[in-house]
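**Q** Given these sequences and hints, build the entire structure.
Note that the protein sequences, when read in sequence, are chains A and B.
Quick note on numbering: the first sequence equals residues 9 to 769 in this note's numbering.
Quick note on numbering: the second sequence equals residues 9 to 769 in this note's numbering.
FYI, nobody ran anything at the bench for these hints, they're computed from the structure.
Among the hints, erroneous ones may be present.
Which residues of chain A face chain B? A few of them, derived with a C-beta cut under 7 Å, are [stated by the list, open to error]:
(1) L401
(2) L604
(3) V697
Glycine included, every Cβ here is placed at the ideal spot set by N, Cα and C.
There are 2 protein chains.
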Amino acid sequence: MKFIKHIQILVVAVLLVTVSCKAQTKTTSKKAQVQEHPSLILTKAGVEKIKAELGKVPLFDETLAKVKAEVDAEIANGIEVPVPKDYSGGYTHERHKRNFLILQKAGVLYQILDDEKYALYVKDMLFAYENLYPTLPVHPQTRSYARGKLFWQCLNDSNWLVYVSQAYDCVYDYLTEKERKQLEKNLFKPYADFISKGNPQFFNRVHNHSTWGNVAVGMIALVMDDAALLSTALNGLKKDGIDPNAKDNDGGYIKKAGQKVGFLANVNEPFSPDGYYTEGPYYQRYAMYPFLVFAEALQNVKPEMKIFEYKNGVLLKSINTLLNLTDADGKFFPLNDGQKGMSYFSRELVTAVNVGYYFGGNQPELLSIAKEQGEVLLDQTGLAVAIGIRDGLAKTFNKKSVEYTDGANGTEGGVGIIRANGSKNELALVYKYAAQGLSHGHYDKLSFSYYEGGNEVLQDYGLARFVNIQQKGGGNYLKENTTWAKQTVAHNTIVQNETSHFGGKFDVGSLNHSNKYLFDVENPNLQVVSAKENNAYPGTKLHRTFALIKDESFENPFLLDIVKVNGTNENQYDLPYYFMGQVMSTNFKYDVPKVLTTLGEKNGYQHLWNEGVGISDGKNSKLSWFNNERFYTLTAAVAKDDELIFVRIGANDPEFNLRREAGFIIRKKNAKDAVYVSVIESHGNYNPVSEIATNAFSSIKNIEVVYNNDNYIGIVIRSETGGEKLFLMSLNDTSKEKAHKLEINNKEYQWVGPYSYRIIN
Amino acid sequence: MKFIKHIQILVVAVLLVTVSCKAQTKTTSKKAQVQEHPSLILTKAGVEKIKAELGKVPLFDETLAKVKAEVDAEIANGIEVPVPKDYSGGYTHERHKRNFLILQKAGVLYQILDDEKYALYVKDMLFAYENLYPTLPVHPQTRSYARGKLFWQCLNDSNWLVYVSQAYDCVYDYLTEKERKQLEKNLFKPYADFISKGNPQFFNRVHNHSTWGNVAVGMIALVMDDAALLSTALNGLKKDGIDPNAKDNDGGYIKKAGQKVGFLANVNEPFSPDGYYTEGPYYQRYAMYPFLVFAEALQNVKPEMKIFEYKNGVLLKSINTLLNLTDADGKFFPLNDGQKGMSYFSRELVTAVNVGYYFGGNQPELLSIAKEQGEVLLDQTGLAVAIGIRDGLAKTFNKKSVEYTDGANGTEGGVGIIRANGSKNELALVYKYAAQGLSHGHYDKLSFSYYEGGNEVLQDYGLARFVNIQQKGGGNYLKENTTWAKQTVAHNTIVQNETSHFGGKFDVGSLNHSNKYLFDVENPNLQVVSAKENNAYPGTKLHRTFALIKDESFENPFLLDIVKVNGTNENQYDLPYYFMGQVMSTNFKYDVPKVLTTLGEKNGYQHLWNEGVGISDGKNSKLSWFNNERFYTLTAAVAKDDELIFVRIGANDPEFNLRREAGFIIRKKNAKDAVYVSVIESHGNYNPVSEIATNAFSSIKNIEVVYNNDNYIGIVIRSETGGEKLFLMSLNDTSKEKAHKLEINNKEYQWVGPYSYRIIN
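**A** In structure tokens form, the structure reads like this:
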């Protein structure tokens with residue numbers, strides 16, 4: 009039911025292109041009738057409503073006061089429009105960035121407060137740009153595949169225009185026609201042309217970069233009422249001459265042959281029907297602002313397009329999806345390239361929540377997020393949110409166990425999120441069995457991360473970059489992003505023969521995706537997600553299943569992790585667990601080296617120090633660690649002679665770009681088939697003030713694989729208190745009605761459906 | 009003025025011993041009159057007052073409800089008095105610990121609530137112990153120099169008695185005379201005898217252990233009205249037969265020949281006249297409970313002793329001292345052995361703040377700490393605090409720049425704390441030039457740590473121990489505490505020839521202390537502390553000065569660090585800086601090794617990996633790092649060919665007992681004399697949500713030593729914005745009136761007093 013058929017999408021797309029053509033005609037006819045201003049984000053009617061409510065809506069008033077103070081300080085500081093010179097983090101970059109953010113706010117203040125000083129400020133700054141822009145060559149910094157003029161990349165030039173279009177809209181009527189003509193001729197039109205016609209390799213793509221480019225052009229087109237430009241924004245440049253083998257700075261292809269482009273294509277392709285954005289939450293967040301602000305503008309100026317209903321309302325749906333892709337503190341799960349710490353407190357998410365509330369049926373759950381954010385947009389959407397909060401309509405936003413499919417049609421695997429234990433101490437599994445995720449994708453099929461509250465228990469490393477911190481590679485991606493962060497071994501998933509999935513090749517990875525096997529969270533005490541990957545290593549099949557199980561023999565729900573590997577040849581398999589915190593104890597012996605050497609030479613292994621190796625006795629290996637006042641234990645059923653390796657990130661890192669964090673790798677050598685079964689427990693607590701440790705030891709006596717063939721797996725989990733539980737699963741049949749029967753140790757077990765969990769002792 | 013002469017102290021001590029003899033006579037006569045119960049912490053009159061206020065004092069009522077819920081749950085759980093078996097962290101240890109904490113609370117509840125179920129619970133548990141105790145051999149775990157019976161060490165046995173005495177006092181009148189006799193004969197008297205006569209090596213010392221022992225015996229003596237036992241508690245055992253060469257588990261001497269012992273000696277010796285406890289804040293906190301609870305009991309039962317006036321009221325003074333030895337979050341500075349995270353939220357500090365408020369003249373600043381603590385003692389002191397808070401009397405506790413002398417007479421160096429920047433973003437320097445600090449002392453003369461808000465900028469490693477976490481060496485000190493944490497190289501101070509101060513020898517260290525040179529915080533924009541150390545390395549003189557300078561060319565006050573070294577031979581000098589966070593950039597080249605080896609073989613060096621070495625060009629070396637959303641830069645004036653070494657803690661650490669944190673060492677080879685001059689800046693900020701970095705670069709262009717001889721040092725600090733400042737200091741004259749004159753680069757500079765800071769350009 010969740011999937012929309014490919015055909016339906018095409019129909020919708022065709023319809024919309026038609027609609028947008030109609031819209032153009034209409035625009036032309038409307039032009040004669042004189043378009044109102046402001047009309048994009050603020051509207052004349054909206055402004056009247058806002059003025060009528062001033063002083064009566066606390067959160068709106070507070071935001072207004074804050075924005076006013078910020079803009080007033082900038083006005084007092086005076087206008088600075090320097091000649092572009094720096095990468096991000098540098099003065100000219102940050103100054104121009106600040107300018108566009110302030111211009112947008114000043115425009116809004118002019119409308120709401122009717123104070124000409126804001127209009128004058130916008131006007132003066134616009135003419136400073138009008139004066140500078142025509143003199144600018146392409147930006148002197150050369151690292152980008154699409155260099156801008158104000159900034160080192162067209163992406164940032166587009167950011168500028170998305171914001172400045174709104175400022176222009178707000179002061180449109182304040183300016184004389186002559187002034188407007190001058191601005192449009194010398195600044196806005198050439199600006200829009202440069203980021204579109206001037207840079208088709210940037211503009212004509214399906215990518216968050218192009219989304220910004222499309223929206224920049226679209227927004228200024230709406231203000232200037234320029235139908236041709238709007239069409240370019242919506243549907244891309246007709247001609248681009250892009251070489252189908254060309255790649256961008258992140259190693260992604262610019263454009264597949266025959267691919268549709270423009271804003272509508274950028275809604276169609278990267279969003280799955282569930283609203284999951286294939287690049288991952290960090291870039292979804294980044295793209296949300298242009299997606300939603302342009303959608304709002306289209307809705308205001310061209311309501312007949314019904315943009316919020318496009319692709320079954322995916323833009324609005326994506327807001328809830330994104331909010332669900334956060335930990336207990338609202339921080340985004342760093343799937344693919346993602347900077348840790350980014351959260352729904354970002355300005356893009358203020359926009360998303362406000363727009364989502366206003367245009368998406370006033371969901372009261374969004375108000376609780378807006379409350380946490382503590383600010384609103386200064387438009388009719390923000391006003392509605394602030395009124396909702398004032399009137400006590402907010403309801404808790406309960407994050408759910410949920411699966412989000414990936415791929416334009418929802419057929420390219422997905423991401424499964426399983427949660428337990430309520431909100432504050434929430435345990436959350438993030439399981440990735442998605443598509444490549446465009447140029448920001450990591451080679452980490454069937455990888456996972458695990459959270460307790462807002463803390464990482466088993467981490468996804470995220471990206472190797474210090475966004476906008478100039479001393480770290482100009483604030484851009486570091487080479488360790490490629491050599492470490494994207495590599496398979498940087499993730500909690502299987503690595504075969506010390507190579508990355510798909511050989512670390514973007515074009516191969518882009519052709520493939522994992523497949524969901526099952527996702528079932530109906531029973532809150534036994535939530536199961538399972539997926540298969542058959543292409544990461546040709547000839548080797550991977551099947552990984554997680555079950556988050558609430559069992560009264562345990563203090564907290566525990567995570568059962570089952571990985572089946574079926575190879576055609578003998579291989580070495582590594583399964584890393586990047587545990588966060590300090591080792592407390594192990595139940596196995598290991599040797600620590602006198603001298604640290606790297607675990608390997610390439611594919612990320614060159615960045616790992618080998619801190620110690622133990623040899624399994626063939627029973628269970630137990631590793632306990634401590635973090636954030638909690639204890640954790642990983643108990644793994646290991647085969648005899650499995651290597652148990654402690655690693656530390658940070659080798660071959662001459663600029664200290666990597667965090668010196670720990671990992672634990674279970675290595676199987678010369679194995680064709682393999683099965684990894686582990687249980688991860690969160691248990692007990694230690695407070696450095698009371699100095700009392702509770703439940704500091706694992707509750708698991710042992711785990712045992714009691715059945716294992718191509719069709720079934722059976723695992724016994726014995727707890728310290730004596731209980732014995734059996735988890736059974738069929739590996740090739742997910743039918744809920746199918747009855748299964750197995751004999752294990754001379755005893756027969758029967759169940760219906762793909763899996764079963766029972767007390768056997 | 010601050011120092012009390014040695015002679016005065018002796019007089020006071022003699023007087024008190026006399027007083028306590030008198031008291032004994034009085035007690036005997038009082039006995040015939042029947043001593044009231046309770047009389048130690050709760051008193052009959054105090055209980056009446058409490059009952060009259062029930063329901064009217066919110067914080068008291070809340071605490072009472074919390075304690076009642078806790079005790080009720082334990083009563084429901086039933087009594088468990090297991091046969092002793094485990095180290096700390098293990099079941100029997102934690103159970104007996106919980107028992108004594110609950111017994112004390114149950115006794116209080118009986119008194120306040122008049123509910124016999126609490127008295128019955130105390131009685132039943134006491135008889136369970138009365139039944140068990142006579143059967144017990146010494147504890148089966150053998151690690152302690154003074155094994156207990158209920159616990160592995162007499163220290164914990166003493167903890168038990170300090171709390172249980174209070175419980176016994178509370179139910180004294182509930183029990184029949186026969187019951188009391190039985191308890192005293194079979195439990196309390198043998199118990200007190202075992203931890204005193206049975207373990208003189210534990211009882212007859214000056215040490216936090218003995219304080220607990222003395223107080224345990226003293227408390228039960230007060231309840232039983234046993235004058236002889238009380239005398240033993242106050243003045244120690246007359247005979248002990250302790251070998252003057254005997255050492256405890258921490259390597260400290262048990263007892264110096266001729267040393268006075270007992271409770272009064274434990275007040276006299278380790279506390280300086282400023283209330284600084286020579287072992288450091290972590291153990292001061294630990295000892296505060298017995299010190300204050302016994303002082304309160306003595307004040308109630310033997311007010312004629314005027315215990316709170318003893319040694320110029322040092323016990324009360326020590327409370328404010330301890331509160332000042334915390335960072336912005338209330339966490340204690342981990343001087344000597346100290347577990348990080350321990351704070352004034354501990355139960356010992358609740359006692360300290362409440363007792364300090366009640367007996368120390370109702371300082372309203374203590375109420376603000378009590379408010380943060382959110383609980384009070386259930387006695388008259390806690391009632392007074394809760395009433396004060398209810399009545400709005402609380403005032404902010406402003407932590408000051410302050411010096412605390414060390415040594416019984418305040419003549420053995422000290423600790424200088426310098427603070428700037430207000431409370432939340434407070435910058436705090438902790439500079440240690442104290443005495444050895446008994447067996448918990450570290451070999452770290454002239455070491456420092458530096459804080460911003462509650463975060464460490466340059467850390468003191470603290471101890472190597474996971475207190476009460478059983479899987480880490482039974483929760484006791486780990487061997488890395490000796491091989492790493494106590495060693496000089498584990499601290500931010502000078503190491504000569506890769507050896508520790510005093511050769512790492514406790515007996516040598518104990519004979520020596522550093523000396524204050526000056527401490528002047530009169531000018532809040534220029535706070536200076538300076539000290540000398542002449543004995544750590546025979547033949548080498550160390551003189552280190554810090555100035556925390558607020559200068560308008562800098563965003564925040566910066567820390568100037570000047571170390572002068574004068575040797576008689578050529579040595580290697582290392583100055584480590586254990587910076588917290590991730591390297592952002594350096595202005596020097598360095599090589600990172602392909603294979604990690606240790607920096608040395610012993611004295612802590614065996615625990616450091618060498619992560620990279622640069623060679624200085626003889627100008628300035630700059631290291632910037634990032635932590636907790638802030639940037640920091642260390643700029644050092646270095647000599648040509650100084651080695652700049654990056655280290656990582658964690659080599660030769662087979663059980664992962666050490667934290668993998670970073671350090672930066674400036675190494676001078678083959679140097680007789682040396683001067684280290686550095687500036688540490690906190691600057692800018694980066695927020696991962698806004699992704700905006702501000703002021704990410706150091707404001708220092710360079711620093712230069714422009715004058716340097718045996719009598720003076722002159723340093724020029726040039727800022728990026730062009731300012732040039734000169735810091736001048738006389739190295740052998742601290743007179744405030746003395747006029748100085750120097751010629752530097754053909755210019756004459758004059759100033760009055762030990763130092764001067766001026767703009768010169």
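**Q** Okay, which hints does this one fail, numbers in order?
**A** Going through the list in order, the structure violates hint 1 alone and respects the others.
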